[in-house]
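So the protein sequences, as listed, match chains A and B.
In this text, residue positions in the first sequence follow our numbering: the first is 19, and each later residue adds one.
In this text, residue positions in the second sequence follow our numbering: the first is 19, and each later residue adds one.
A hint or two may mislead.
A pair counts as met if it fits within one copy or between any two copies, since identical chains are not told apart.
[As the list claims (entries may be wrong)] Listed below are the simulated SDA-like cross-link pairs for lysine to any residue, each with C-alpha atoms no more than 20 Å apart in a straight line:
hint : residue 1 : residue 2
1    : K286      : R358
2    : K232      : R346
3    : K255      : D307
4    : K232      : Q270
5    : K286      : I272
6    : K255      : R346
7    : K232      : H220
8    : K232      : T215
9    : K255      : P369
10   : K85       : N101
11   : K232      : V214
12   : K352      : A311
13   : K232      : P217
14   : K85       : Q275
15   : K352      : P324
16   : K232      : D356
17   : K232      : E345
18   : K286      : V84
These are calculated hints, taken from the structure and not from any lab test.
Number of protein chains: 2
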Amino acid sequence: MSLGPVTPQQMFFSEPLPLQSGATLPEYQLTYETYGTLNAERSNAVLVCHALNASHHVAGLDERGVKGWWDNLVGPGKPLDTNRFFVIGVNNPGSCFGSTGPMHPNPTSPVPGRVWGADFPVVTVEDWVDAQARLVQRLGITQLAAVLGGSLGGMQALAWTLRHPQMLRHCIAVATAPNLSAQNIAFNEVARRAIVTDPDFHGGHFYEHGVLPKRGLRVARMVGHITYLAEDAMDTKFGRELRAAVLRYSTQEIEFQIESYLRHQGDKFAEYFDANTYLLITRALDYFDPAAAHGGDLARAFAANPATLDKRFLIVSFTTDWRFAPERSREIVKALVDNRIGVSYAEIDAPHGHDAFLLEDPRYHAVMRHYFERIAGEVQAAVPSADEGLQ
Amino acid sequence: MSLGPVTPQQMFFSEPLPLQSGATLPEYQLTYETYGTLNAERSNAVLVCHALNASHHVAGLDERGVKGWWDNLVGPGKPLDTNRFFVIGVNNPGSCFGSTGPMHPNPTSPVPGRVWGADFPVVTVEDWVDAQARLVQRLGITQLAAVLGGSLGGMQALAWTLRHPQMLRHCIAVATAPNLSAQNIAFNEVARRAIVTDPDFHGGHFYEHGVLPKRGLRVARMVGHITYLAEDAMDTKFGRELRAAVLRYSTQEIEFQIESYLRHQGDKFAEYFDANTYLLITRALDYFDPAAAHGGDLARAFAANPATLDKRFLIVSFTTDWRFAPERSREIVKALVDNRIGVSYAEIDAPHGHDAFLLEDPRYHAVMRHYFERIAGEVQAAVPSADEGLQ
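Bound conformation, chain A alone (with noise of 0.2 Å):
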């Protein structure tokens, strides 16, 4: 039921990215990896994007053995299947994985060979779409079936429907919002600061130093760790598990159970995610706000060009997210009912959190895979018949 062994591959962009910022990322190479296959009619593809620290590798194994972060959605027989579906993982521009990011080289430097560090330029998740855009149309792929994500990943299905709404039929995001709320930001706010007031963080050029801000990602992960997981899971897996017998009566030395395991998350992020890269893409998720040039008004946003109008949008929350709780779920729905845009919408009674979007919840992953199966009898009624061809 897995994919098996996948690799990545890359391809570089030498036209020159315009971004939101008004400034320009010159020349860009993506990091993507495809599984299942491109039907003759090339209307069987799905675009998958990620969230803060996930990548490319959406499904079966790296070369190092490891699996795509939603391969329990994206395989053979598996709700997106990829007997069915053409599908499309890309880092994106500004991460660490592979894609141009702030650790390779800048080549608007007069230092040559001289990393991006914190002068990689600030990327939204338009700008993302944009990136993401044009590497679809390379692949020779017109229209996407479906553009899918989670959180962050949601939000740039969304803008895609905004801002290439002729390359896509489907937009699917899941525990997303329409923007942050003043608590996202300022969650997002705290782990910057940690970063950025780590001492090894040298302005974003530690790079040059030979050393990493890792105390300052350890926090900004611990911190972004505990708006991910419900509190009443919180409670059920630690409550207040002591790690040893006895208590040690210490303010420095771990006591509790959650201690340990926020303290162990915190040291595997800073091991492996870069400090450019979280600042550039919790800056995205702050910005991103499509209502904000319709005076706030998301209907409007959705309105405001008429090829919007026929997609058609699955929309899912998860009961216990209050990162993005169902309420922000709702937001979009209701802009969407208002323009009388098709959509589904599924209120998931999952215990996980704002996490429940990456696990296996049975009846989550039912609406999943039932709306995988509508496009995909879309995708069939669409391809001409053997005997319509001869005729």
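Could you slot chain B onto chain A? The hints should help.
Same frame as chain A, now just chain B:
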């Protein structure tokens, strides 16, 4: 309606304080303030316990003209009326506002004058209550009319009823919990890691290096502050409001007002708060769990001492407090009701989150006023009248 200028007092204790950890605090000084007049029967005293970053300065104006942290509640004609009650505010040992703490000389150190720093013994809510009880005894008070506190102060009020039940009649615990949840501990741990991993922390002996771990303190305060505010109130107050007219597209500069507010809170806090105190106080929060010694059954904790059973309680919670939600207060109420202990419970529909306990909500203050009027009535009734005295 204000107490006007008030003067802190000091009391020195040469008798060592045995601590829950097994260690002892060899000698210590407590800083305290009192407001109002102790009556002849010494029956109208109310002790106010402080939370994380507060102090003995509960009401009136200090030497710099700064109002006490609960000045809206405590004063002449206020809900806790200093015309009727003798109110005591005391700074806990380990804090940084005058009572013996990590920034004071360690008398057990072989180096004369060396400050405690990170060697200050770990103190618990119960240790604080024991220290407070000694102060109360020295003031010649056998029984307090009430012990009052909010948040961590509420935990101290609860601990009083379990530890020194003969020494009080009423317990008023506001916006508190019978223990911390895994999520509460997790946020504390993030704050502690930010402080401890700040290179200027120097293992808690930063005083000797002439530096302060301000970076860590700032991040600690920022994350704490988020948990004190209700998400909706944050959206109402800040929302996605920008600081400037146009976006800067920067990961390090301030874009949103909420960032500016949080950074300001962090900066202010780092100027006046001691890093070791932050560790000690968050740890005391983590450890508090009176039910733990009774198989996790809070009702049994209250039942363990017969003298606890005739105390009377006022428990107050706030609907939007997600740090110590109403559910946590209801756990306390249930344990009291299970023991047929007299308890009044008010759940105040206030928008301000955990911070509501410090604010002047009319319904909240009406509940407090009414309850203190009842206590004042009891105090009055217990006073022998002049006639009775003559017979």
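The hints, checked one at a time:
no.	hint	verdict
1	K286 / R358	neither (46 Å within a copy, 50 Å between copies)
2	K232 / R346	neither (33 Å within a copy, 36 Å between copies)
3	K255 / D307	between (35 Å within a copy, 18 Å between copies)
4	K232 / Q270	both (18 Å within a copy, 18 Å between copies)
5	K286 / I272	within (17 Å within a copy, 29 Å between copies)
6	K255 / R346	between (27 Å within a copy, 19 Å between copies)
7	K232 / H220	both (12 Å within a copy, 17 Å between copies)
8	K232 / T215	both (11 Å within a copy, 10 Å between copies)
9	K255 / P369	within (11 Å within a copy, 30 Å between copies)
10	K85 / N101	within (18 Å within a copy, 70 Å between copies)
11	K232 / V214	both (11 Å within a copy, 13 Å between copies)
12	K352 / A311	within (18 Å within a copy, 51 Å between copies)
13	K232 / P217	both (10 Å within a copy, 12 Å between copies)
14	K85 / Q275	neither (27 Å within a copy, 40 Å between copies)
15	K352 / P324	within (18 Å within a copy, 58 Å between copies)
16	K232 / D356	neither (47 Å within a copy, 50 Å between copies)
17	K232 / E345	neither (35 Å within a copy, 37 Å between copies)
18	K286 / V84	within (15 Å within a copy, 46 Å between copies)
The structure does not agree with the numbered hints 1, 2, 14, 16 and 17 stated previously, though it agrees with the rest.
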